Amino acid sequence: MQAKRAVTRRRGAGSTDWVDGNLRLLGIERPDLDLTGSEITARVFRLREIFVQRLDQVHSQFGLKPRMFLVLAALYRSGPPYELPPAKLMRHLMWSSGGLSQLLDRMEASHLIRRQKGPQTRRGVLVSLLPKGRRIISTVLHVHCEAELRLISALQRPEQRQLVSLLRKLLIGVEGARVLPESL
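Numbered per the working numbering, the sequence shown finishes at 178, counting up by one with no gaps.
Hint data in this document are derived by calculation from the structure and do not stem from the laboratory. These figures come from a predicted structure and were not determined experimentally. Hints may be right or wrong, so weigh each one.
Pairwise CB distance ranges (calculated) [as the list claims (entries may be wrong)]:
1. P80 <-> P152: 38 to 44 angstroms
2. L97 <-> V168: 24 to 30 angstroms
3. N16 <-> D99: 40 to 46 angstroms
4. H105 <-> Q51: 20 to 26 angstroms
5. R172 <-> D99: 27 to 33 angstroms
6. P75 <-> S147: 32 to 38 angstroms
7. P152 <-> G57: 34 to 40 angstroms
8. G118 <-> G57: 25 to 31 angstroms
9. F45 <-> R85: 19 to 25 angstroms
We put the beta carbon where it would ideally sit given N, CA and C, even for glycine.
Let's have the full structure, built from the sequences with the hints guiding it.
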C-alpha cells in the first residue's frame, strides 16, 4: 500500500511525469513493494538519457563525440601546459584502458591532441592538447555550460543548490568519497 500512497500523494501535489505513470501501474500490480527507490533511480536514469542526448547534440556541433569532449575537457582542466600521461587521464576520467588508445588515435588524426614522449622518462608518454583542441574545448565549454543551465532551469537557484547537496550525499553514500588531487 505504501507505493500507492506515495504515487497518489505526488499526483495530488502537481504535475506528473513519465516515471509516475509507470510506477502507478507497477504499484497496482505490486502494492506490497516500496517504490521509493524506483521513484529516484528511474528519474536519475531518465534524466541521464535526456542530458546525454542534449549534451551530445551540443558536442556534435563542434565535431566531437562524447568521449572526445571528456578527454579535451580533462586536458584543459589540467592547466598549462595542458598535458597528462594516459594513466592519469584514465584515472581522472574513471575509465579503463580499453578503447582509449583508439580514441586518442582519432583525436590525434584530427589535430586535437598529440602524444609524445615525456621529458622525465624514456618510456613515458604525454597526451598534449594542441592549439586546435584548446580553441574547440574553450568554445564548447561555454556552450556546454549554457546547455546544462537550460537543462536544470525548472529548478530555482536554491533548489539547484539543494539538489547538488543531496546528489553529492547520495553519491558518497554509494561509492564512497573520492578526492581528485589538486594537480592532475
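(request) For R172 and D99, compare the CB-CB distance with the range 27 to 33 angstroms and indicate the outcome. (result) For R172 and D99 the Cβ distance comes to about 29 angstroms; the hint holds.
(request) With respect to the beta-carbon atoms only, verify the hint that P80 and P152 lie 38 to 44 angstroms apart. (result) The hint (38 to 44 angstroms, Cβ to Cβ) holds, given that P80 and P152 are roughly 41 angstroms apart.
(request) Please test the hint of 32 to 38 angstroms on the beta carbon pair from P75 and S147. (result) Since the Cβ atoms of P75 and S147 sit about 37 angstroms apart, the hinted range of 32 to 38 angstroms holds.
(request) Return holds or violated for the Cβ distance of L97 and V168 against the range 24 to 30 angstroms. (result) Since L97 and V168 have Cβ atoms about 27 angstroms apart, the given range 24 to 30 angstroms holds.
(message) Range first: 19 to 25 angstroms. Now tell me if the beta carbons of F45 and R85 are that far apart.
(response) 24 angstroms, holds
(request) With 40 to 46 angstroms as the target window, see if N16 and D99 comply at their CB atoms. (result) 42 angstroms, holds
(request) Given the range 20 to 26 angstroms, decide if the beta-carbon distance of H105 to Q51 lies inside it. (result) 23 angstroms, holds
(message) Tell me if the beta carbons of G118 and G57 are separated by a distance inside 25 to 31 angstroms.
(response) At roughly 30 angstroms between Cβ atoms, G57 and G118 fall inside 25 to 31 angstroms, so the hint holds.
(request) Kindly confirm whether 34 to 40 angstroms is satisfied by the beta carbon distance between P152 and G57. (result) The hinted range 34 to 40 angstroms holds for P152 and G57, with Cβ atoms some 38 angstroms apart.
Of the numbered hints stated above, none is contradicted by the structure.
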